[in-house]
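Student: Construct the complete structure from the given sequences, taking the supplied hints into account.
2 protein chains.
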Amino acid sequence: MNQLKKYFDDFHVISQDSFEKIEKITTQLNLKKKEELQAIGKTCKTIYFLEKGLARIYYLKDGNDITDNLILENNMIVRVESLFRNQPSRKAIEVLEDSEIIAIDAQKLMNLYDENPQIERLFRKIFEASHVETINRIESLQFHSAEERYKELIEKHPEVIKRVSLKHIASYLGITQVSLSRIRAIQN
Amino acid sequence: MNQLKKYFDDFHVISQDSFEKIEKITTQLNLKKKEELQAIGKTCKTIYFLEKGLARIYYLKDGNDITDNLILENNMIVRVESLFRNQPSRKAIEVLEDSEIIAIDAQKLMNLYDENPQIERLFRKIFEASHVETINRIESLQFHSAEERYKELIEKHPEVIKRVSLKHIASYLGITQVSLSRIRAIQN
DNA sequence: AAATTCCTTTAACAAATGATAAAAAAGAAG
DNA sequence: CTTCTTTTTTATCATTTGTTAAAGGAATTT
Numbered sequence: 001m002n003q004l005k006k007y008f009d010d011f012h013v014i015s016q017d018s019f020e021k022i023e024k025i026t027t028q029l030n031l032k033k034k035e036e037l038q039a040i041g042k043t044c045k046t047i048y049f050l051e052k053g054l055a056r057i058y059y060l061k062d063g064n065d066i067t068d069n070l071i072l073e074n075n076m077i078v079r080v081e082s083l084f085r086n087q088p089s090r091k092a093i094e095v096l097e098d099s100e101i102i103a104i105d106a107q108k109l110m111n112l113y114d115e116n117p118q119i120e121r122l123f124r125k126i127f128e129a130s131h132v133e134t135i136n137r138i139e140s141l142q143f144h145s146a147e148e149r150y151k152e153l154i155e156k157h158p159e160v161i162k163r164v165s166l167k168h169i170a171s172y173l174g175i176t177q178v179s180l181s182r183i184r185a186i187q188n
Numbered sequence: 001m002n003q004l005k006k007y008f009d010d011f012h013v014i015s016q017d018s019f020e021k022i023e024k025i026t027t028q029l030n031l032k033k034k035e036e037l038q039a040i041g042k043t044c045k046t047i048y049f050l051e052k053g054l055a056r057i058y059y060l061k062d063g064n065d066i067t068d069n070l071i072l073e074n075n076m077i078v079r080v081e082s083l084f085r086n087q088p089s090r091k092a093i094e095v096l097e098d099s100e101i102i103a104i105d106a107q108k109l110m111n112l113y114d115e116n117p118q119i120e121r122l123f124r125k126i127f128e129a130s131h132v133e134t135i136n137r138i139e140s141l142q143f144h145s146a147e148e149r150y151k152e153l154i155e156k157h158p159e160v161i162k163r164v165s166l167k168h169i170a171s172y173l174g175i176t177q178v179s180l181s182r183i184r185a186i187q188n
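Protein chains in written order, with my numbering: chain A, 1 to 188; chain B, 1 to 188.
Derived by calculation from the structure, the hints in this document are not laboratory data.
This list has only true hints and no planted wrong ones.
It does not matter which identical chain is used: a pair holds within one copy or between any two.
Here are the simulated BS3-like pairs of lysine-lysine, each with C-alpha atoms no more than 30 Å apart in a straight line: (1) Lys42 / Lys52; (2) Lys42 / Lys151; (3) Lys61 / Lys42; (4) Lys6 / Lys34.
All of these numbers come straight from a predicted model, not from anything done at the bench.
Tutor: If you want it as structure tokens, here you go:
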């Protein structure tokens with residue numbers, strides 16, 4: 001919980017009282033590697049904070065498993081397109097390592113927004129940061145080669161290469177695993 | 001202005017009084033085709049609403065002009081990565097047709113947030129919708145072929161093909177204009 | 001430890017896209 | 001209308017990435 005408080009403070013400082021209100025609508029989850037957090041087809045009604053571990057959001061395209069997003073500890077895990085539209089998601093969330101997660105009930109959080117604008121502001125800023133990351137990723141996918149994208153990932157999150165299978169990294173980068181393997185071979 | 005009110009209502013209904021507060025921090029801009037709205041290197045301090053016309057956000061990569069985003073009338077034009085981080089943007093905004101624009105002062109808007117949470121909520125929802133669009137675009141760039149992306153654009157915004165030069169559409173889709181021309185040739 | 005399954009690499013070939021150059025078409029300017 | 005500029009298409013060749021198949025490694029299960 002202390003970790004969550006710290007995470008919040010980087011975006012917007014709220015009172016201890018406000019924090020406790022948020023605390024009251026959370027539950028603690030502990031998942032084993034490969035367990036599913038949210039299933040395809042369900043509407044996102046929970047916002048997760050990953051205290052420890054590693055998660056990914058993925059979906060199926062023509063039977064292929066495509067990693068849409070990788071989430072490291074100390075980050076939120078949210079199927080944004082489902083939460084914001086209140087629609088079923090074609091995406092699922094699973095953890096890739098044993099993980100400790102704080103689950104925040106989205107509906108109760110919206111209720112907190114009504115009584116406490118500071119909480120609404122906090123989450124607005126959290127999602128704004130995630131929005132910016134998404135925009136930067138577009139630029140990378142739009143006009144960087146697969147090799148450049150791989151190098152960018154290594155530079156930004158070197159630990160990811162060690163913790164996530166190359167299969168998932170490949171689809172995250174928008175290429176096949178064979179192609180990624182080829183790129184890695186050239187690098188050495 | 002009435003148009004802006006209508007646009008707002010689709011996201012979150014605010015009181016007439018609140019709307020008038022927003023109105024007070026706006027200015028009207030009329031730009032001729034090809035005129036620049038914001039320059040590369042400037043920090044985004046204004047949120048624009050495009051009442052009439054057509055705009056694009058672009059940047060330069062290795063001397064090439066790359067269209068990051070196309071904005072049709074009745075939409076917001078914002079360099080999100082600059083506004084949310086309060087950092088200079090590598091991107092510029094220009095209009096591709098004679099355009100009528102309402103400019104909203106971002107700093108004054110933040111001040112309105114403080115005194116009126118409903119206004120903050122309105123803009124939160126507006127940007128959430130834009131966030132979702134960005135996420136969907138990632139999916140398209142990540143695993144759809146250039147041809148699929150072109151077809152998706154035609155289906156979603158057929159008018160864009162007629163109003164925007166293929167040069168800009170090509171870079172928006174993440175391909176060269178020669179490649180786009182080839183795809184179009186096969187289609188017929 | 002052996003067996004099984006899943007992940008990663010390698011190879012060969014196919015398909016898609018990029019780069020360059022030139023021609024054709026369309027638009028803008030005088 | 002004519003000229004000039006920009007955009008779009010076409011062609012050719014190079015490069016990147018995809019596809020399929022097979023083999024080697026690593027991890028998990030029994």
